[in-house]
Amino acid sequence: MELLEKVEAIKEAKSVANKIKLGHVHLSGCTGCLVSVADNYQGFLKILDDYADLVYCLTLADVRHIPEMDVALVEGSVCIQDRESVEDIKETRKKSRIVVALGSCASYGNITRFCRGGQHNQPQHESYLPIGDLIDVDVYIPGCPPSPELIRNVAIMAYLLLEGNEEQKALAGRYLKPLMDLAKRGTTRCFCDLMNDVINQGLCIGCGICAASCPVRAIAHEFGKPQGDLNLCIKCGSCYGACPRSFFNPDVISEFESINEIIAGALKEGEKDD
Amino acid sequence: MIEDPYLGKYVTCVSARSTDKEILKKAQDGGIATALMVYALEQGIIDGAIVAGKGDLPWKPRPFVAMSREDILKAQRAKYNISPQVSWLKEATRSFGLDKVGVTGVCCQMQAVRKAQLYPINMRDVPGKVAFAVGLFCMVNFPYDSIQALVEDHANKSFSSVKKMEFGKGKFFVHTERGNVSTVPLKETHKYEQSGCHVCLDYVSNLADISTGSVGSPDGWSTVFIRTKVGNEIWSKAVAEGLFETKPIEEVKPGLGLVMKLAKEKIDKNRKTLEERRNFGVNKALRDPYA
Ligand SMILES: Cc1cc2nc3c(=O)[nH]c(=O)nc-3n(C[C@H](O)[C@H](O)[C@H](O)COP(=O)(O)OP(=O)(O)OC[C@H]3O[C@@H](n4cnc5c(N)ncnc54)[C@H](O)[C@@H]3O)c2cc1C
Ligand code: SF4
Ligand code: SF4
Ligand code: SF4
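One line per chain: the protein sequences are Y and F, in this order.
Okay, so the first sequence: first residue is 11 according to the numbering used here, each after it adds one.
Okay, so the second sequence: first residue is 238 according to the numbering used here, each after it adds one.
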């Protein structure tokens, strides 16, 4: 009952006038993050129909200069020899209410950490930093690429946070908190963080989710405990983010069934168009 | 919906056992976990299930994606050591191409699955494709070497002669294929426990669709919590089709009271451990994973 009311409340709150302004800022990333955004298919269209205007996105929208935004999804790390990128990320911070590091390059440097420069045709492009090293970031969405579903969840929760009623704001705040905490925790995460923060602290339960989340299969389980191949690790931070012992948001996660229904409810009309 | 601080949310709780003779023969308890996954597979509710099957050493589980009744049956009986069960969660949807994944596992593994659904960090396709999660009650788990030491050094049985292991009535029981039973007092087992279990705040798999365990029900029967809409629908249909014999939990001995007592014991003790972690050093804390 309570849940139905929540879903109804979202429908009421969706009036077009209240759409939030969403932007995709593209730095040194492979466009995989943007593909993940688009991989929400009808759900993405539904978000654009009812909840957000895409006000900036080099690939999809014809806008040249970074505008004022409610939520900026930033893909890729910053090449600090590229003045334009450095200006872009500063501009993004100044003009956005919420800056989201979209994907592991923006959050942790990821594969771009391994750049050494020296190649044609601009050999001076050689040092790449996650955006958090240059500006304050509000929310992290780690993942290489980030999963479409997490982007969708964050987009809907950001909408509820900015435009929802009190109850929705509270839920969105609770949902986003761990992703905000990740943004505060720092700009480097790799398998070592599981070692330092989980395994060494006597918290690992051998569940195996770290291995499942690793995009390069750098993690094997030896007698139940994760063993990372540090030569393979690309520093995407996924294993750390996914581990139930890095963060576990008990009251939000125990609401999994109703939150899933709220999200499904918010995206419902999009599904009907399939 | 009942909401209990120790037993979690649930629609109903019953005592039950499978009516399938083949499943019952090798089940740990009432064969609930296996019968439910087989049913879900046969009904098309899932395309395959992640279960803890036989590994390369005796009683060492190997998580794998079972795609047939036969494979699900191979995973029967509790192996009291770590099975990195959810390491297959994303692969099940990708390499195995499953659209509807079933998962069995202990409480913390249910937590991992639900976190992966709600915060899918590098877990593309997982959130919508977990179709059915069956959780087991769990007091504590052991590393493989530890369970081997308990069986071989404490119970004095060769690992390969063991038919079934069991915790209950204050003891660890080791049953051999030839019908011999050895017991080890529970207090001797504590030092072998996995330390990560000592902060675990769940005894009855609160986050599963359906959770089951032996405690509370008579031998050969299981205690079953039906927890979610998905779980309730599957359970109702399976019972209507005669897959399970059921009894109201109020009518069996020792009943829900014992489940509650053990849940409370585990969770209160582990809350204390979390408290101790807060002052582990001098003005220094160990991490609290729930903070
Ligand atoms: C580590 C552990 C601790 C437990 N502690 C308790 C307890 O304190 N109180 C209680 O009442 N019950 C406990 N159980 C549950 C109980 O032992 C039975 O597993 C449960 O009742 C299921 O019995 P069944 O006859 O329905 O399942 P079966 O038909 O025998 O099937 C067993 C199922 O368990 C899964 N499984 C087996 N070993 C593992 C493992 N190591 N990790 C993950 N999944 C596994 C298999 O995939 C299979 O699906 C525990 C189980 C485990 C694995
Ligand atoms: S995800 Fe965390 S708790 Fe699970 S096996 Fe990996 S390190 Fe251990
Ligand atoms: S081990 Fe894998 S998941 Fe973890 S940071 Fe390295 S590449 Fe990413
Ligand atoms: S006690 Fe908790 S942490 Fe340990 S195996 Fe059981 S469910 Fe997992």
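Quick caveat, the hints were computed from the structure, so don't treat them as lab data.
A portion of the hints provided could be inaccurate.
Stretches of chain F that chain Y covers, calculated by requiring three or more beta carbons in the stretch to come under 8 angstroms of a beta carbon on chain Y [as the list claims (entries may be wrong)]:
hint, segment
1, 317–324
2, 352–365
3, 424–436
4, 514–526
None of the values given here were measured: they were computed from a predicted structure.
Idealized CB from N, CA, C, for every residue including glycine.
Consistency of the hints with the structure:
no. : hint    : verdict
1   : 317–324 : holds (count 7)
2   : 352–365 : holds (count 14)
3   : 424–436 : holds (count 6)
4   : 514–526 : holds (count 3)
Going down the numbered hints, you'll see the structure goes against none, and every one checks out.
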